[in-house]
Amino acid sequence: MAVGVLALQGSFNEHIAALKRVGVKGVQIRKPEQLQSVSALIIPGGESTTMAKLAEYHNLFPALREFVKMGKPVWGTCAGLIFLAEKAIGQKTGGQELIGGLDCTVHRNFFGSQIQSFEAEIPIPEIAAKEGGPPSFRGVFIRAPGILEVGPEVQVLADVPAPSTVGSLEDNAGPEKKVIVAVRQGNLLATAFHPELTADTRWHSYFLKMVNETSEEASSSTSLSSEELSSSDPSKYDLPIFQQ
Amino acid sequence: MAGSGVVTVYGNGAITETSKQSPFSVKVGLAQMLRGGVIMDVVNAEQARIAEEAGACAVMALERVPADIRAQGGVARMSDPQLIKEIKQAVTIPVMAKARIGHFVEAQILEAIGIDYVDESEVLTLADDENHINKHNFRIPFVCGCRNLGEALRRVREGAAMIRTKGEAGTGNIIEAVRHVRSVMGDIRVLRNMDDDEVFTFAKKIQAPYDLVMQTKQLGRLPVVHFAAGGVATPADAALMMQLGCDGVFVGSGVFKSGDPARRARAIVQAVTHYSDPQVLADISCGLGEAMVGINLNDEKVERYANRSE
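Protein chains in written order, with our numbering: chain A, 3 to 246; chain B, 29 to 338.
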């Protein structure tokens, strides 16, 4: 099974390294035709405007929308979440192109600039139930987006206290002061934080289970023969995972 | 740890003593999000918008680009915070700014106005010719220049969450950048093949902390994100840096000192993504207009910014 990772810009190497840890080959996707060789796609973190521009230059958007429409599993982290959202606010002047498909409204840079970036232990009941392990996950939020509204078909997987209460844990924030940071809608998965920057691979294996379920339903429609073709990239060393 | 009298020598993961509020992982995290991208020098909000539209993953806010600093001379300092604020308001991508080497108050000011990354840069005039800023004291992350592996690891030990090779800024001449990248990568290759017993002496030779040298040996690369800088003027230059093993590219004077900045910026962004595809590189290199005027570095009168700090 090959999982594509959109390799225009951002943390695609980290995703490929994380996939390797769970025993799956990640394939870098830079051109529309490369999407045909993979059964699922991860859109990594990065600068969403940069990735949108690069996708536009190489005419990737129609192919990506088609990929989502076909019901193939797609997971977006951070910038990838913005890509998948139907609606995004807080964009640059003139806006940016999105793939869409995920029925929610995303606020770009919801948590502010780098100085407000943070790490938090976030409760993930759904993932912990399916994948085991501790009930919380070390979420790394880097200039992260937040999900403001979700449609009826969207399942909320995790939320965190809204920024005004971040840092002051003594304050018992009401449920209305939470912001959604992880969702699933059918075959679309999206997280505002970066599981690829941590050693915990539960989100990756959760996504792979989504991939397996889909390929069983679609029975042998996925061809895996092209794996060798894309293995020409020399193995690149990757950054360590920092833990504090 | 304070007060308990316990001191960890090498801590967990070899990089320690960061404040709780902004752990090293969060500092490196932003650099990781910039990987495979281009960071462009801009001097006003209008240029910042052009850079954002072209697909830059971050902008460096400056009063003068390095080529102008070279031409005009004088003392180059941190930019006016007002200018940096204006640039920050104009774009949604991360904004970096330069502080003088060793000038920690400039860095404090940049932190106060909420900049995303500080470049402790040799392009500005030095404020301290012996000490760099203790970057562990800050919640904002820092990027620092280097010419070789030892210099890179010294900066990481001081708290830099990202490294760029120095090159020779404002010259449009790639030779120094190539020299510095090759020096870092070459040393890492030597290190990888070295017996563990020899690493102590090697660390002493390159004047770098032993723990970071050992970590670099195990990883086979620098332990933080590594960009190239100083002299990138064409898409081919940018792709060269990527093929030599860098994670991304800084472009200083190369974009806005050229004939058609918007087009050149766009081409360099594409070149960094498709760096290993000569067909794409050929397409995007066509008809870009005039490149910036280069400076021949054989001329001894040209000041070497890279040699300003160790």
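One or more hints might be untrue.
Computed cross-link-like contacts, SDA-like style, restricted to lysine to any residue with a CA-CA straight-line distance of at most 25 Å [unchecked claim]:
1. Lys-22(A) x Gly-248(B)
2. Lys-22(A) x Gln-98(A)
3. Lys-94(A) x Glu-81(B)
4. Lys-179(A) x Thr-95(A)
5. Lys-94(A) x Val-71(B)
6. Lys-180(A) x Gly-114(A)
7. Lys-71(A) x Gly-97(A)
8. Lys-94(A) x Asp-105(A)
9. Lys-329(B) x Arg-105(B)
10. Lys-33(A) x Lys-113(B)
11. Lys-94(A) x Ala-118(B)
12. Lys-27(A) x Ala-118(B)
13. Lys-22(A) x Lys-113(B)
14. Lys-94(A) x Arg-105(B)
15. Lys-113(B) x Lys-180(A)
16. Lys-113(B) x Lys-179(A)
17. Lys-245(B) x Asp-240(A)
18. Lys-179(A) x Pro-125(A)
19. Lys-245(B) x Ala-19(A)
20. Lys-33(A) x Ile-141(B)
Okay, the calculated bits of chain B under chain A, using three or more residues with CB under 8 Å as the criterion [said to hold, decoys possible]:
21. 73 to 85
22. 148 to 156
Just the calculated beta-carbon pair ranges, DEER-fashion [unchecked claim]:
23. Gln-30(A) x Cys-314(B): 23 to 31 Å
24. Gly-97(A) x Ile-203(B): 21 to 29 Å
25. Gln-157(A) x Asn-162(B): 23 to 31 Å
26. Gln-246(B) x Glu-151(A): 29 to 37 Å
27. Asp-240(A) x Glu-226(B): 35 to 43 Å
28. Asp-311(B) x Gly-97(A): 49 to 57 Å
29. Ala-140(B) x Asn-214(A): 44 to 52 Å
30. Asp-240(A) x Lys-233(B): 47 to 55 Å
31. Lys-71(A) x Gln-271(B): 30 to 38 Å
32. Asn-162(B) x Thr-107(A): 54 to 62 Å
33. Gln-271(B) x Pro-136(A): 35 to 43 Å
34. Ile-203(B) x Thr-107(A): 27 to 35 Å
35. Gly-317(B) x Gln-157(A): 35 to 43 Å
36. Gly-73(A) x Ser-304(B): 56 to 64 Å
Please keep in mind that the hints were generated in silico from the structure rather than gathered at the bench.
C-beta atoms are modelled at their ideal positions from N, C-alpha and C, and glycine is treated no differently.
Next on the checklist: Output the indices of the hints that this structure fails to meet, ascending.
Outcome noted: Going through the list in order, the structure violates hints 2, 4, 10, 12, 13, 14, 15, 16, 20, 22, 24, 25, 26, 27, 28, 30, 32, 34, 35, 36 and respects the others.
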